[in-house]
Structure formats: C-alpha cells, structure tokens
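Undergrad: Protein chains in written order, with the UniProt record's numbering: chain R, 1 to 324; chain Y, 1 to 254.
Some hints here could point you the wrong way.
[As the list claims (entries may be wrong)] With the C-beta cut set under 7 Å, the calculated list includes, among others, these residues of chain Y facing chain R: (1) L52; (2) P66; (3) I70; (4) K73; (5) S76; (6) Q87; (7) H103; (8) W105; (9) P108; (10) W109; (11) G143; (12) L170.
What the hints contain is simulated information worked out from the structure, not anything from laboratory work.
Computed from a prediction, not measured in an experiment: that's the story for all the values here.
Using N, Cα and C, we set each Cβ at its ideal position, and we do this for glycine too.
As a plain string of letters, each chain reads:
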Amino acid sequence: MPISSPYKPLLILLLAGFLAALISVSIGSTAIGFEDTLRVITGSGTELQQTLILELRLPRTLSAFATGGLLAVAGALMQVLLRNPLADPYVLGLSGGAAVGALLAMLAGAAGFLVSGSAFVGAMLATLLVFGLAHGSGSWTPSRLLLTGVVVAAGWGAIITLILSMTPASRLPGMLYWLMGDLSHAATPWPGLIILVLVCLMVFPLGRALNVLARGSLQAAALGVSVRPLEWSIYLMASLLTATAVTMAGSVGFVGLVVPHMLRLVLGNDQRLILPACALAGGTLLVLADTLARVVIAPEQLPVGVITALIGVPTFLYLLYRSR
Amino acid sequence: MTRLTTEALIIDIPGCASGVPLSLAIEPGQVWGVLGPNGVGKTTLLHTLAGLREPRSGQLLLDGTPLGDIRRKTVSQRMGLVFQDRQDGFPATALETALIGRHPWLSPWQMESGENLAIAERALETLDVIHLKDRLVNTLSGGERQRVAIATLMTQSPEIWLLDEPTNHLDLQHQTAVMKLLRQQAACDRAVFMCLHDLNLAARWCDQILLLYPDGQACWGPARDILVTSALESLFGQRLLSAELDGFPVFVPG
Chain R
1 MPISSPYKPL LILLLAGFLA ALISVSIGST AIGFEDTLRV ITGSGTELQQ
51 TLILELRLPR TLSAFATGGL LAVAGALMQV LLRNPLADPY VLGLSGGAAV
101 GALLAMLAGA AGFLVSGSAF VGAMLATLLV FGLAHGSGSW TPSRLLLTGV
151 VVAAGWGAII TLILSMTPAS RLPGMLYWLM GDLSHAATPW PGLIILVLVC
201 LMVFPLGRAL NVLARGSLQA AALGVSVRPL EWSIYLMASL LTATAVTMAG
251 SVGFVGLVVP HMLRLVLGND QRLILPACAL AGGTLLVLAD TLARVVIAPE
301 QLPVGVITAL IGVPTFLYLL YRSR
Chain Y
1 MTRLTTEALI IDIPGCASGV PLSLAIEPGQ VWGVLGPNGV GKTTLLHTLA
51 GLREPRSGQL LLDGTPLGDI RRKTVSQRMG LVFQDRQDGF PATALETALI
101 GRHPWLSPWQ MESGENLAIA ERALETLDVI HLKDRLVNTL SGGERQRVAI
151 ATLMTQSPEI WLLDEPTNHL DLQHQTAVMK LLRQQAACDR AVFMCLHDLN
201 LAARWCDQIL LLYPDGQACW GPARDILVTS ALESLFGQRL LSAELDGFPV
251 FVPG
C-alpha cells in the first residue's frame, strides 16, 4: 500500500515519545525543571538530580514505554491474525493466564522475580491452551480462535475471583494493584525494550504479507503467502510480547485494543507503518499515563491501568465518531 | 507461456462419491468456461487448480512440474484467482486493494515503487474504476467491487487467470467489457479458466467448455462440440430452446 511519506508520522510519534519521557522524568515528588532535566541527560547537573532522574525515574519511564509499546504491537498483530477489530491479548485470555500465575505466586507468599516469572509462565500456558483448543481436530478459523480465547478468558476471570476470595485481607491490595496494572514493581526495562525493538525489526519485512493476510487467508495464499507459518509466527510473537509486558507491569488493559485502532483511523492500514507507530504511540501513552498515576494523588499512586482507560476511552470514542 | 495440466484429478467435495477423473490441459490462448448447477464443485475445482486445496487424488502440473514442488510465491506469479466472495476485514481503498496484486513480485524488504503504482492504476482504468481509486472498497457497489477484484488480478498479471463467476453483479456493458478483456488476455498467450452461470456468455466468449454434472460425471472439449441443447438440458434438468444469432448459439429456458 502506498504511503506518501512513511517517515513523517513516525518522526512525529518519536518526538512525542521523547517529550513524554522528558515530562515523566522531570515530574515527581521533587519537581526538576526541563532545563535541569536536559542538563542531567547530557551529563551534568547536581548529584541529587542525577540519582533522582537516572536511577529512580528513568528506569520506570522506560519500563512504562516498553510495556505500552509491547501491548500495542501485540494488539495490532492479533487484530490482523484474527481479522477482527476486537482482538487483543486481553480478550484472548493471555493476560488472564498471566494474572492467575502471578496471583498464585503472591498467595504462596512469593514476591519480585517469582511473581513475574510465574506471570510469564501463565501467559505462555494460556497461549498454548487457546491455540491448542482452537486448533482442535479440524482447521481453526479466526472466529473459532476468538471465541475460544473469549471463553478461556472468562474461565481465567473466575479463577482470579476465586483466588481473591480465598486471600487474607492483608495481601489483597498488592494483588488488586497487580490486576489493575502497576509499574512500581518493574525491575528493569531492558528485556522489554530489547524484545520490543527486535520484534519491530522482525515484523517489518513481514509487513506487506500481513497487509495481504488482512484480506483473508485464501486471498493471501493465492498471492503467494505461506499462510500457516505466518499465522503461527504472528501468534507466537504476540504472545511473547504480551507475556513480557504483563511480567513487567501486571495487567494493563486497553492499550492493545485502542492504540492500533486510533492509529488506523489516522494513518490507514499499512502494517509496515502501523506496527512501528504502535510501538511508539503505545509507549508514549503509557509513559503519560504513568506520570499522571504518580502525581494525581501524590504521594499515593494510582494503578496505571485506570489512567490508560480514562485517557484512552474518550480519545478513542472521539476519533471513532469523527472517522470517515 | 504457461500451461496447467491435470492428471486424473478428482476434486475433494465433502459428502460426494468420487466422480470422473479430470485430465485437462489448459493451454495459453484458451478461454475455458465451467458450467454446472449449484454445489457441483465449480469453486472447489478452481481452488484446487490454484493449489489452495488438496485434491482427493491425481495431480496438477504447471509446465510439467507438480504444483506442490513449486514455491508458493512462484506459483502466484504465474497463476492468479478472482474469488467469488471477498473479506474486507479492514478498510482499504480501491487502489490499495489493486496494489496487493503486486505482492508476489516484490521481495519482503521492497516497497511498492511508482512503477507498481502505475500498473495498478492502469488495471483500474481498464476495468473502468479509476475514478473510485481513493474510495474505500466497502463503500462501493457489488459490481464496482467485482471490477476492483478483477483489476487486482490484472495487477498481479499472471499467465493463468482463474476466475470464479467474474460477471457476478456486473451490468450488461461491464459484462461485455470484462469478457472482451479476458479474450484479449487470451490473445496475448494467457490462459483463462472461469466458472460461469450464463450459458449465453459461455457460448459467446469461451472456446473450451467443461460441464460438471451433479452425479460426478464431467465432459469437456471445444465449445461448439459441448454446447448442444441435449447435454445442457440434462446438466440443469431444464428444458431449453436454442437458436443461432450471428454465428453463436443462444439458449433460453423453454
């Protein structure tokens, strides 16, 4: 599909992401001016400012960016795979599996890495379960996969409620924050960022094949696309992205569903443009949301998932209302 | 120049006992018409010929090489298919839709060049839908969408054109325009193989005919040998009247 100037929207989004990160690291319990922030980034500034920005705030900002980017790209991939605008890692039950894994670990008294690791295992198990069941004995169709995902997600939801109702009250707040998405426990942003960049690079040469796949699997096969291997690799990539995001920040809903759609309404539907744009816009959205989550009722923090929904819903509805 | 041959091909229609094996030779320059009542397997045959479905038995050869031994991408450079129904999962314009026909000709890293754009625009122009190129396909009428689909095949520019009821939804003048286009393609040493419902279109424009009967029987050959009233009456279980106009047979239900 022709793009008049493919790089302009990406440049604008990159700039927006950078600005959001700048705002995010300069706002907090101790406000640091933009000038001072720029000074710290370029290597000068006081020692306190350096510690505050580079060691405390920057990792969290990068984690937020990575999480948002991962979720948005995962959502965009799932939507092409299922040729359904409702598809998203959350609808397909991936995050439900991750949540059950994390909550079980928390119930057993684990913390930190064990919770993240068990969330990752849960997400991958959920992936295998959905794909295996949808595959069944016959061939799987997008609607069958979507329906399987939705039903499995409902099952995870019931297990989550069961775990919550069996948990002593003292442990509930931590679990609820995890379920609503919370970046304060993100250990390191690097695995997420690296996976995000790698997947974007891997997906770019597949972009046109994905455009063709969006027209239906038979049409894609008639145009020379090896449909089954392509579908498998998209599904596995989307699952890996989701599992990584959920491991970092718990269950942040809504980004995977809304960011790709907002971008499609504005930029059209060329996956070669949409996928990197999703990475940038999803990241930016989550950085802004996390900044708000930190400051709205400071020193208390809100779960970031609440903010993404509160920003995302009206923006999305507005764009949808105005769309052609 | 590419020829598609089938050796003792039996297509896989669920719940249908195997029929007569088909040994067809679809040669450059020929225009084939497939006729038969609903559900007889015309679409299944087209999908099988395109390599999208496994046959129950027999094999398909593209220039003598079994279809399964050729890379999917190479196959799609030589053979293309217009489907009977299409999915419009995400909104796309008519030009974008035609342009996906270039997919088999581009490497993964290549962007569509101006040359590809020109090919797609020429195809839209030939099919008389160039004025709709920036319109979203899902806002077009059935006939306009059908023409965009044929333009996509023309953009793909294969040597074997498979079409599933290409005149569906088309008004009279566009039916004729499409049939003329297909004849022109055949004159440029391409092969055209299509399913049709209109006996008179088949009689007017096809030189080879394949009849598929509900009981699994089939017969094929040059149009003038196959298109005889008695054979067509038993094919559709319908009495027919026929006459000759301008040297072409015309059939009407009797």
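Undergrad: Next step is simple, just say for each hint if it's right about the structure.
TA: Each hint, compared with the structure:
With a cut of 7 Å, the hint placing Y:L52 at the interface with chain R holds, because the nearest CB-to-CB distance is about 5 Å. At about 17 Å, the closest approach between the beta carbon of Y:P66 and any beta carbon in chain R exceeds 7 Å, and the interface hint on this residue is violated. This hint is violated: Y:I70 has a C-beta 11 Å from the nearest C-beta of chain R, more than the 7 Å allowed. Interface restraint check for Y:K73: the shortest CB-CB distance to chain R comes to about 4 Å, inside 7 Å, so the restraint holds.
This hint holds: Y:S76 has a C-beta 3 Å from the nearest C-beta of chain R, less than the 7 Å allowed. Because the closest C-beta pair between Y:Q87 and chain R is about 4 Å apart, less than 7 Å, the hint holds. With a cut of 7 Å, the hint placing Y:H103 at the interface with chain R holds, because the nearest CB-to-CB distance is about 5 Å. Taking 7 Å as the C-beta contact cut-off toward chain R, the hint placing Y:W105 at the interface is violated, the least distance being around 9 Å.
For the restraint placing Y:P108 at the interface with chain R, the shortest Cβ-Cβ distance is roughly 4 Å, inside the 7 Å limit, so the hint holds. This hint holds: Y:W109 has a C-beta 6 Å from the nearest C-beta of chain R, less than the 7 Å allowed. With a cut of 7 Å, the hint placing Y:G143 at the interface with chain R is violated, because the nearest CB-to-CB distance is about 19 Å. Hint status for Y:L170 relative to chain R: violated, with the closest Cβ pair at about 20 Å, above 7 Å.
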